[in-house]
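Letter by letter, the chains look like this.
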Amino acid sequence: MFRILLFALLFSIVSVAGAASGVNIYMDIHGDVTHREKSAPRLKLRKQKGLNLGRMAGVWGAVGKRDAGDAYFLGKTPLPARMSFTLASSKQHAPVRLWVIARDGSDVVKHDMQVNPGETLEQWLTLKGMITVVIDSPSGKEAVYAAYFWYPGYSLDGMDDDEFNRIQSGQVESVPSFASRGQGRAAR
Amino acid sequence: MTRMVKQLLLFLLLYCSSQLAIAADYDGAMDNLFNPSFSSMLTSASKFTQAHSDHSAATACRTDPKCGMPGDSNSGFKLPAGSCCEGSSACIEAFDGYVTKIDSVMYALYKNERTYAVIMRIHQARMGAASGARKQVDFAKAQKGFIEKFNAKTRSNIIKLNNYLLALGGAVDQYCTGSKWYKRNGLPIYQHAKAKFPK
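If you read the sequences in order, they're chains A and B. Everything in the first sequence is counted per the working numbering, starting at 1 for the first residue and increasing by one. Everything in the second sequence is counted per the working numbering, starting at 189 for the first residue and increasing by one.
Hints may be right or wrong, so weigh each one.
Okay, the calculated bits of chain A under chain B, using three or more residues with CB under 8 Å as the criterion [what the hints assert, rightly or not]:
1) 75-88
2) 172-179
No farther apart than 30 Å at their CA atoms in a straight line, the calculated lysine-lysine pairs in the DSBU-like style are these [said to hold, decoys possible]:
3) A:K49 - B:K332
4) B:K323 - A:K38
5) B:K289 - A:K47
6) A:K44 - B:K329
7) B:K368 - A:K47
8) A:K128 - B:K337
9) B:K235 - A:K76
10) A:K44 - B:K341
11) B:K348 - A:K47
12) B:K341 - B:K289
13) A:K76 - B:K332
Restraint ranges, calculated between C-beta atoms of paired labels, are given here [said to hold, decoys possible]:
14) B:S271 - A:D160: 43 to 53 Å
15) A:D161 - B:N339: 26 to 36 Å
16) A:D161 - B:S271: 48 to 58 Å
Treat the hints as calculated values from the structure; they're not laboratory data. We put the beta carbon where it would ideally sit given N, CA and C, even for glycine.
The whole structure should be built from the sequences, with the hints applied where relevant.
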């Protein structure tokens, strides 16, 4: 019994460590997590290969039928943090809805996103406090979804909205080159 | 005693499995299961990151009169090759090769300069919002660590920049004896970088 418990504990620790090195997708289609916000499991956002800014995680899951929903706790932030939420619904299934809930003491802020079958929606939100997402099927029918969460980091939190919107819409000024061959005398 | 250890292990096991949604490694074949896939999300995030970097570098450049001016599409440092070097395809080839490297280092220096300003804003806000002396000390330590890291990276980039400028000067001197390219054109850029970027 003692050995079994020790082995199981070691295995769970190794699994967590292993997940850190790979692509960060939680597959709820293979099992089910609670829909209760208060007991939502932690979904850790991780650095990804090829992504220089911030941390990301994703969930592929199914809700509806006998599943009331899925809830994930994303983390806690003492200052407003800018995050991207993307929700996609499978073409063959029912619409899906995602609630983003930020609890900062007694202040509770909720945002919802809903997508029809085959649609994808991305939303940037600035949130403070404990951040949890709850995903459900408004119709109660089976909905299959992909949800992705990206926190690009401090360098976006410190920007004002105008500046951020320009970057998001791709309307940024750029300098063609910081050093280029120019005209002029190089020799005496 | 053994019973207590068993109970402790069982508790730890249950706690671990209840508190973590374990993200799994998945193979590439499953990447297309959902649209958008995780890799297409990473691709669009990388495009956003590139736009953010370009914007940061341009913003810092345009607040530095030596680098550029707002609205001036001709911003950036112009490095003269001179008629002697321009008359030799080998010299121009070497020149352009080093200019590409200098461009890349200067991009990084200006991009990091802007990122520094934005992150320092956040550090100040965290310090202001912190309640309690302990938190204030922790945030001050974090800020100090950030500045040290920034300066180490910046100094390394400035050394790289100077090495490329020296090499460029050396290449021009090979073809145009006595041009003193580095002293006339490279050294002022190095000195400007040394005075402007470290904090």
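Take the C-alpha atoms of B:K341 and B:K289, compute the straight-line distance between them, and say whether it is at most 30 Å. 17 Å, holds
Assess, step by step, whether the Cα of A:K76 is no farther than 30 Å from the Cα of B:K332, and give holds or violated. Holds, at roughly 23 Å.
Holds or violated: A:K49 to B:K332, with C-alpha atoms at most 30 Å apart: 28 Å, holds
Cβ separation of A:D161 and B:N339, checked against the hinted range 26 to 36 Å: 31 Å, holds
Hint consistency between B:K368 and A:K47 [alpha-carbon to alpha-carbon, up to 30 Å]: 46 Å, violated
Measure nothing beyond the straight line between the CA atoms of B:K289 and A:K47; if it is 30 Å or shorter, mark the hint as holding. 28 Å, holds
A:K44 and B:K329 were given as a pair; does the straight-line alpha-carbon distance stay at or below 30 Å? 25 Å, holds
Within the stretch 75-88 of chain A, is the number of residues with a Cβ closer than 8 Å to a Cβ of chain B three or more? holds (count 5)
Restraint check for B:K323 with A:K38, where alpha carbons must lie at most 30 Å apart: Holds, at about 27 Å.
Verdict for A:D161, B:S271 (Cβ pair) under range 48 to 58 Å: Holds - the Cβ-Cβ distance for A:D161 and B:S271, about 50 Å, lies within 48 to 58 Å.
Restraint check for A:K44 with B:K341, where alpha carbons must lie at most 30 Å apart: 28 Å, holds
Confirm or reject the claim that B:S271 and A:D160 have a C-beta distance inside 43 to 53 Å. Between B:S271 and A:D160, where Cβ atoms are some 47 Å apart, the hint holds.
Hint violations for this structure: number 7 only, all remaining hints satisfied.
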